[in-house]
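Those sequence lines, one after another, are chains A and B.
Under our numbering, residue 254 is the last one in the first sequence; the count climbs by one each step, no gaps.
Under our numbering, residue 319 is the last one in the second sequence; the count climbs by one each step, no gaps.
Just so you know, not all the hints are guaranteed correct.
[What the hints assert, rightly or not] DEER-style ranges, computed between Cβ atoms:
#1 K156(A) x A268(B): 33 to 39 Å
#2 A268(B) x V161(A): 31 to 37 Å
#3 A268(B) x M1(A): 32 to 38 Å
#4 G35(A) x A268(B): 30 to 36 Å
Since the hints were made in silico from the structure, they are not lab data.
Bear in mind that the values here come from a model prediction, so they are computed numbers and not experimental data.
Every residue, glycine too, gets a C-beta built ideally from N, C-alpha and C.
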Amino acid sequence: MGEPARYLYAVCRGLAPSALDGVRGLDGGRLEVLGVLDLEAVVSTVDLDEFGEDGLRANLERLDWVERTARGHDAVVQACAGAAPTAPMRLATVCLDDESVRLRLQEHYPDLAEALGRIEGRKEWSVKVYEHPSAQEEPEAAEPAALGGAAYLRRKKSAAVERRVAREQATAAADAVDRELCGLAVAARHLRPQDPRLAGFGGTMLLNGAYLVDDVSTRSFTGRVAELVAAFPDVSIACDGPWPPYSFATLEGP
Amino acid sequence: MTVAAEERTYADIALVDLLDRLIGTGVVLAGDIVISMSGIDLVQISLRALITSVRREMTEAWEES
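Just chain A, with the same shape it has in the complex (with noise of 0.2 Å):
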């Protein structure tokens, strides 16, 4: 065992104890929730072997400790989310001790204030919008033998425009998706589009949006990113949701 350290979850405001019944931190940590003004930070105890610098910067080349790690945090901040306004914190946020992470929120307070009144009574929707994998298929390498050389070549010029052709339409779509939901969103984000390897999907990532939306509007939000996906059937739309504020709750505004 190493020393013990204080791993911070969450900043929220007005969370009742009983909100973290049940829920456990990270190795199964005894949740704790340390009042600063109106502000509960919300941490557990974990060992500086594992998130020291040392602990961390080899752990964070682990993936099984990374998806522990990243699910047991979500955990908490769901718990947290589902019961008050919380502002999640980046993973791996690590303090030496309880007077340590009561200094960060006084140093932060106005911010957090900011950010957690910015995100009351409002939830985040993850929409992303692929191009079809089939889009973007090279052409059968396979060519007729007797096709000479200029009609191989018109015909890969041809097979290259369409492919142009079908991406500037996947974009316009992308597009005319987000500025949709944009008018529906108290605020919008893009996120990196992701690595395809990493996406479980084939086909280009064009839009990874985060849109904040107001509680009352989500049958609103949920009912016309349906609708954009009947509109739109040359690209593929996922929704999902609701998250707890992750891209919006931030310090230096969204």
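Position chain B against the provided structure of chain A, taking the given hints into account.
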């Protein structure tokens, strides 16, 4: 199309979507433990772990087939 149900089990969330948010966004309050790399590097090393793992799976699948 997966127009989401209101409730979902957290095991359903793709890890890559989670890391988009847990590393790519979220409140950045520098703790006492600061990996002496920038936030961007934090993203990169985690993604490297993901990509390496995906490649390994693909290689294994290839070798098995």
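Provide an ascending list of the numbers of those earlier hints which the structure does not satisfy. No numbers; nothing is violated.
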